[in-house]
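S.K.: So the sequences go chain by chain: R and Z.
Per numbering that gives the first Met the number 0, numbering of the first sequence is gapless, rising by one per residue and ending at 557.
Per numbering that gives the first Met the number 0, numbering of the second sequence is gapless, rising by one per residue and ending at 557.
I should point out that these hints are in silico values taken from the structure, not numbers from a laboratory.
There may be inaccurate statements among the hints.
As the list claims (entries may be wrong) - DSS-like cross-link-like pairs, simulated, lysine-lysine; straight-line CA separation at most 27 Å:
(1) R:LYS47 - Z:LYS545
(2) Z:LYS345 - Z:LYS114
(3) R:LYS345 - Z:LYS345
(4) Z:LYS345 - R:LYS537
(5) Z:LYS103 - Z:LYS47
(6) Z:LYS103 - Z:LYS2
(7) R:LYS537 - Z:LYS537
(8) Z:LYS370 - R:LYS545
(9) Z:LYS125 - R:LYS545
(10) R:LYS545 - Z:LYS47
(11) Z:LYS125 - Z:LYS370
(12) Z:LYS262 - R:LYS47
What the hints assert, rightly or not - Derived CB-CB ranges, DEER-like:
(13) Z:ARG368 - R:GLY329: 51 to 61 Å
(14) R:ASP45 - Z:SER556: 46 to 56 Å
(15) R:ALA130 - Z:ASP517: 43 to 53 Å
Don't be surprised by glycine CBs; every beta carbon is placed ideally from N, CA and C.
2 protein chains.
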Amino acid sequence: MAKAYTLGVDYGTNSVRALVVDCADGREAGTFVFDYPSGDQGILLDPKDPHLARQSPADYVAGLEASVNGALVAAEKQPGFARADVVGIGVDTTGSTPIPVDAKNRPLALEAKWKASLAAQAWLWKDHTGAEEAAAITRIAAEHAPRYLAPIGGTYSSEWFWSKVWHCLEVAPDVFAAAHSWVELADFVPALLAGIDDPARIQRCVCAAGHKAMYSDVWGGLPSKDFLKRLDPRLADLRDRLFEKAWAPDRPAGTLSKGWAAKLGLHAGITIAMGGFDAHYGAVGSGVRSGTLVKIIGTSTCDCAVAPATQKVQDVPGICGIVNGSIMPGYYGIEAGQSAVGDILKWWVEGVCEGDERLHAELSAEAARLKPGQSGLVALDWNNGNRTILVDPRLTGLVVGQTLHTTRAEVYRALIEATAYGARAIIERLREYGVPIDRVVCCGGIAEKNPLFMQIYADVIGHPMLVAGSPQTPALGAAISAAVAAGAHASFEAAQERMTSLKETHHTPSPAAKRVYDELYGVYRELHDAFGGVRGAKADFPSLMKRLLALRERETSR
Amino acid sequence: MAKAYTLGVDYGTNSVRALVVDCADGREAGTFVFDYPSGDQGILLDPKDPHLARQSPADYVAGLEASVNGALVAAEKQPGFARADVVGIGVDTTGSTPIPVDAKNRPLALEAKWKASLAAQAWLWKDHTGAEEAAAITRIAAEHAPRYLAPIGGTYSSEWFWSKVWHCLEVAPDVFAAAHSWVELADFVPALLAGIDDPARIQRCVCAAGHKAMYSDVWGGLPSKDFLKRLDPRLADLRDRLFEKAWAPDRPAGTLSKGWAAKLGLHAGITIAMGGFDAHYGAVGSGVRSGTLVKIIGTSTCDCAVAPATQKVQDVPGICGIVNGSIMPGYYGIEAGQSAVGDILKWWVEGVCEGDERLHAELSAEAARLKPGQSGLVALDWNNGNRTILVDPRLTGLVVGQTLHTTRAEVYRALIEATAYGARAIIERLREYGVPIDRVVCCGGIAEKNPLFMQIYADVIGHPMLVAGSPQTPALGAAISAAVAAGAHASFEAAQERMTSLKETHHTPSPAAKRVYDELYGVYRELHDAFGGVRGAKADFPSLMKRLLALRERETSR
């Protein structure tokens, strides 16, 4: 194999990171992080509306040049690396983060006229201003086109493409009218690198289209004009200026333009891979394959799995999305997630206990001295709603089992356990609908830094918790996509075999702990099913507190 | 009315207080507090057993002389007071606090032989070492004599007379054998003042006998020898050395002996009133009467009401005790309570938030700025079980409705509200069974110092929360009993009319807040009835969190 490097460029919420990777073994040759200069840590806010979150497209453009050049400069300090050895660039981004563009594929926000308009900026994934539009889309689809809802778990989100574009039409019709098209950030950056100056010629990724814009080959692309007319006739008109077809990352998005080649000191014409979402390329960089669940654990979690496209995967109720080719070519990409994981612990430690990082560590150490069941507590992990498997943002937290002696460390542990039960519920649901899960690989800060958390997950789920070798799995996954698109590897599978790894550290379930957690998970499911409105929910609430007390007494005296 | 004063002597958990009161208007002429010198703040502990709590009878004797003399010295500084004007002494105490005594009515613990024996001391109300015996008594009574359980709500407590005496028999049979009889502290002190040196001649109060020893005129006194034989034949033997009859405080316990008259500088022969429990005499001192509920609010609460003995009061399920004459002659005394009120707030502020008195004040101020419903939270007040109306110590706390933004002040307020819902459930239960409640009088530290707490109670219960005029209602109640027994007033009602008062401060319900709390109380009852095992409980859990969120949004934007 000839010497070959690819670049992975990872657009996060507050910064963009570039990574230079050796295609032979996935080793990092150089990396660089560029913090977005605009707004509050890169996010444009509206003091009058806490739901608004936008970003400046100018930051994306400046960040591309700065991060890639920075990573290349760092790589050049490694013996044997030269810019000429870079054979491709891959890009992953947050999403759905659509950008209104003109007919030349230039973001409106780069024009003087629209520079100050919040509606003309990129609509960041966590912008929730389109909540009413999302509810209307769900309602109208449920009545007139329920098939659109099946692959997304039954509810269209305010974070997604159509909610945002429709909301722009409602609150800033001038911006909507000025926009020739709308492009997801994941498609915009590859097109920018490839010098594609016509939105109609962009190769859109099925990952954004399928998970966020109700695109499916089954019904011939985006939702029909008839359906969009029911929302607003101008959205039906827009459909003609979007795209007919979206693609798995089995083809390049283009080749590096002369202009960007000069800016980056790279060969013009090298391959630009299809863009994708950070979680999906993170799964690729973590070694996702049939039977593997990749858990990207942060403030919330994203769970990704793949299933061979040769066998039809049925819709799985409560799973956010199942899209052919959204993670890797030849596989259905399956995405699930929990709305708050790290955020729940942060809420308890910082919000309620008013502590800091040190208290996180103290509570973690104290909680680690407790045995499963010893706190007598069970919690629901719904402080930010439930994304999977109930798909209901209008759910809240619950803690049961408190006495006058319950400590903050016991609650801390109960909240970790609650998120682990939520994780187990997702795995059980996937299996129930024929998606086998026999290996769990975790990535993200918590996976690397919180052994208590990982041990609880192993004990609750009953599988070893493996940890991805790279701390930058999304950028690595984008670099893998570029390596495949550039021909350095024959397939994603082959590239993963060489370029991904696992950490030696992993967490193995204790059979004794697993048995106690099986009982506690039963209690969690009683609460989960009853308060989550699961049909046929069974619970024995009159005995629930007594069972927790008895379990506590048994495990404490053991 | 001739000038007349009485003394009220209040035996608390850590100290004894004497109060000199003017029979004309209830005004305090002098007071003195004596801290028990033994043990940890007056409590003898066993480092090996956290359930053990005893007290030294020697402390009681020393405290009697010191506190009464101290109060008299203080009163003598008032113009117009002379010791010769004291016409009677009343006593209230904790209970059930039984003391093993010899045939001369001397506590065994005063003898050198037993001085060091914990079993020979007074068994303080909160001693829980007899938990197994309590469970056995409940089980055996349920099978063989269910009528004994009806007036005490169905469950015999480890805090009560027979659990303690039986446990002594089990763990210290030598002490049990040496004890000629057992005397409640509430009966012991009046007998001591009156110089009664034979346990058989003590006038026992029906308050201790009826609420704690399963005494009832209906079945001829204490439980039958047949029943006691099922526990242990030696308990059946003991019955002969206890008492046949217990009395309402409608007769004196005796007259002041020469010995104690000399010690106290009072006339020998003045009236000693019948003893009683602190909560009951506290109700008297708070002005309890038909239709009035007196709430003594502290770490836990005791709720007392009376109903005319001329009309038969049915057993009220879940109410701790209904005993003819236990509070005032001519009335059924009705006792209910909540296992943790101040203790739940203390747990949250000190146990979880690790704060102090200042944090109590801060959270109180912050919580006061919230509107009802604004936290989106509902809690169950069961961190220490539920005394009334479920009578189940094996229940625990629950909080529902948390988001990632829930604050410690919101939880603090939700916990106050939970105890208020628990208080409302008691009132509704009493009314349901024909005990009218049209006036609520509160006493205790929280009633006087926490306006937020009192306002929430007014809004939840829908009644003005009145506050007793005296901060020493138990001692005042004992002094009232002495005034009646001595003939300074014709009846308890007449004495209360003159000697009790209300503070000018009171807390009036806001109709708007009441409406919101009616909704929230509905949610509380869904949880209460389901988790409390109430037959026919109705709950709509799938909508519960959504209803709380909607209520929060409505009330926040109002």
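S.K.: If a hint holds in the structure, say so; if it does not, say that too.
M.R.: Do the hints match the structure? See the list:
no.	hint	in the structure
1	R:LYS47 - Z:LYS545	25 Å, holds
2	Z:LYS345 - Z:LYS114	36 Å, violated
3	R:LYS345 - Z:LYS345	24 Å, holds
4	Z:LYS345 - R:LYS537	36 Å, violated
5	Z:LYS103 - Z:LYS47	33 Å, violated
6	Z:LYS103 - Z:LYS2	37 Å, violated
7	R:LYS537 - Z:LYS537	15 Å, holds
8	Z:LYS370 - R:LYS545	34 Å, violated
9	Z:LYS125 - R:LYS545	22 Å, holds
10	R:LYS545 - Z:LYS47	26 Å, holds
11	Z:LYS125 - Z:LYS370	37 Å, violated
12	Z:LYS262 - R:LYS47	76 Å, violated
13	Z:ARG368 - R:GLY329: 51 to 61 Å	58 Å, holds
14	R:ASP45 - Z:SER556: 46 to 56 Å	18 Å, violated
15	R:ALA130 - Z:ASP517: 43 to 53 Å	30 Å, violated
When held up to the earlier numbered hints, the structure conflicts with 2, 4, 5, 6, 8, 11, 12, 14 and 15 and fits the remainder.
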